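> Between the sequences and the hints, there should be enough to build the whole structure, so can you do that?
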Amino acid sequence: MKPGATCKTYTTERLSAFVDGDLPPAEAGAVRAHASGCADCTAALADLRALVTNVRALDVPEPPPTLWPAIEGALHRRERFAWLKISLWRPVGIGALAGAVAVVLVTVALPAGRARWNREPAAPPVQIAATPVSDPLLHEAEAEFAQAAAAYERSIEKLRGLLVREEARWSPQERTRMAERLGRLDDVIARSRELARRTPGDSAGNEQLFAAYQQKIAFLAAAVHRGGESGEWDKPGGHRP
Amino acid sequence: MTTPAVAIALASLLAAARVHAADGGSETLIDRREIIVPAKGAEVVRIDNLLGRVTVRGVARPGEIHIFAEKRASTPEALGRLRVHYTAFENGEVVVDTRVELGGRERSLPLAGSGVDLVVDVPPGLAVEAKTFGGDVSASGLRAGARLETTGGRIGVSDVRGGVITRQLRGGQRVAAVEGDVDLDGVEGDMDLRNLGGGRVDARVVDGTIRAEDLRSGMVRLVTTTGQILLVGMIRPGAHYDLRSYAGDVRVIPTAETAFVLRARSAKPLQTEMPLRASRREGDWLRAEYVGRRAQPRTRTALLELSSVLGQVNIEIQPRMAPPAELR
Chain F
1 MKPGATCKTY TTERLSAFVD GDLPPAEAGA VRAHASGCAD CTAALADLRA
51 LVTNVRALDV PEPPPTLWPA IEGALHRRER FAWLKISLWR PVGIGALAGA
101 VAVVLVTVAL PAGRARWNRE PAAPPVQIAA TPVSDPLLHE AEAEFAQAAA
151 AYERSIEKLR GLLVREEARW SPQERTRMAE RLGRLDDVIA RSRELARRTP
201 GDSAGNEQLF AAYQQKIAFL AAAVHRGGES GEWDKPGGHR P
Chain P
1 MTTPAVAIAL ASLLAAARVH AADGGSETLI DRREIIVPAK GAEVVRIDNL
51 LGRVTVRGVA RPGEIHIFAE KRASTPEALG RLRVHYTAFE NGEVVVDTRV
101 ELGGRERSLP LAGSGVDLVV DVPPGLAVEA KTFGGDVSAS GLRAGARLET
151 TGGRIGVSDV RGGVITRQLR GGQRVAAVEG DVDLDGVEGD MDLRNLGGGR
201 VDARVVDGTI RAEDLRSGMV RLVTTTGQIL LVGMIRPGAH YDLRSYAGDV
251 RVIPTAETAF VLRARSAKPL QTEMPLRASR REGDWLRAEY VGRRAQPRTR
301 TALLELSSVL GQVNIEIQPR MAPPAELR
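Protein chains in written order, with our numbering: chain F, 1 to 241; chain P, 1 to 328.
Treat the hints as calculated values from the structure; they're not laboratory data. Remember, predicted model here, so these are calculated numbers, not experimental data. Think of the CB as a built atom: it goes at the ideal place given N, C-alpha and C, for glycine as much as any other residue. Heads up, none of these hints are tricks.
Here are some chain F residues pointing at chain P (derived, C-beta under 8 Å): (1) Pro25; (2) Ala28; (3) Arg32; (4) Ala35; (5) Ser36; (6) Ala39; (7) Leu45; (8) Leu138; (9) Ser155; (10) Leu162; (11) Ser203; (12) Val224.
Here it is in structure tokens:
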């Protein structure tokens, strides 16, 4: 809850659970009714929602020629926030996540902290939500996610096919660099897919997977266009004659 | 702000219908409800419906948002697990979302056999953000812009003032009659743009054709990887058009006389019957100028950049070119 807030009706943890959809329907309705008339709780909920929005916004890539640096930065951030999202969000709540994000930001701002983050690329253990895997509605949801993932994969394959033509015109260094970057993106996709698989019924895992697909598609499409226009896709402004 | 309890009461008074509908031999249970959300002082409405379609309409009902929700499922048990929530915050944000109860939690998930379709009537001055998964999402009659996002649904926008932003995996997009900046992004599916008058139009799709007609923006950027691009309409004086396809053709059909500088590149020779002059090569690009037979001397020159790596660039003459409307 915001500093200075006086309403004690609901704890930050309960409000976090409300935003997460973790409250039983009756209690969620009570929170909703209370919040509409309580400035303190409205502000606290707005902060919690803004936090979610801000964390997701970190994934947005920039267009060329800064596309790759942006994606690379987003990958770093996603690895950090994916950990926060999955392991802290559900069990503890967004209120705790807000504190954790603040701690992370302070930590990352410090050189020593940054170095430590960079040395620890492996994702922390994922806590798996208790989910009724036999529920037919859950199977429906997972099938929908799988269909979307397949559509992303098809588009990626199509772009990879186009890129083969352009790669023949690149220098060995450019091909190596491209392969490295695609490998990084593939790694993030594999991690995200694993997270989604281990947390069935949690749309956040799939959102992260789809965001990773989108970044790979944006990168491949930019590479195809820029490679096709100059053969030097990686040089800023290289697509201009 | 009125409490949700009041709104819920209004909803139950207005309509609560459960009907059975035959659906190819299997029965579909449908539950329709109308919810009125007091929205006095509201500035933005966010609609998150992964369970079905979203239709947002700007309707002049000051201070009220009307939500028409249609739930459908094959069993009463599944129907009872679909929920529609709204929360009106004191900061002017109204959130409408749908969820399905799974394992004691309400989750925002897409479903194939069950779902919720929403029609939301909002005061036109509200900014709108709407998100679906497999369902179509559309917005019309808005006066403060819209952001629409879907994974597998179609996107439709018409009669909107303010910026329009779309994000889509597949399904196709139709965007018409927008007075505001337009930023469209899609992976798979055609885009149809008509009558856009904001400062900038930016449309990108990987696998789809972009057809644009009557764009009056100063900056028009249309990019597709495998599809074609077709631009029909007046070339606006002073505007910059950047049209690029990797594998498809790029066609421009000007309908009015406007002087422009052309930069074009394509795998096949440029096709045009227009009298270009001062043509010269700049690397892979051809640079030329079109003065126009009836173009007014004081109008600014437009810039057309047309590129097709594997296809063709074509500038066609409309049979009867009329002078630009503002020059008549």
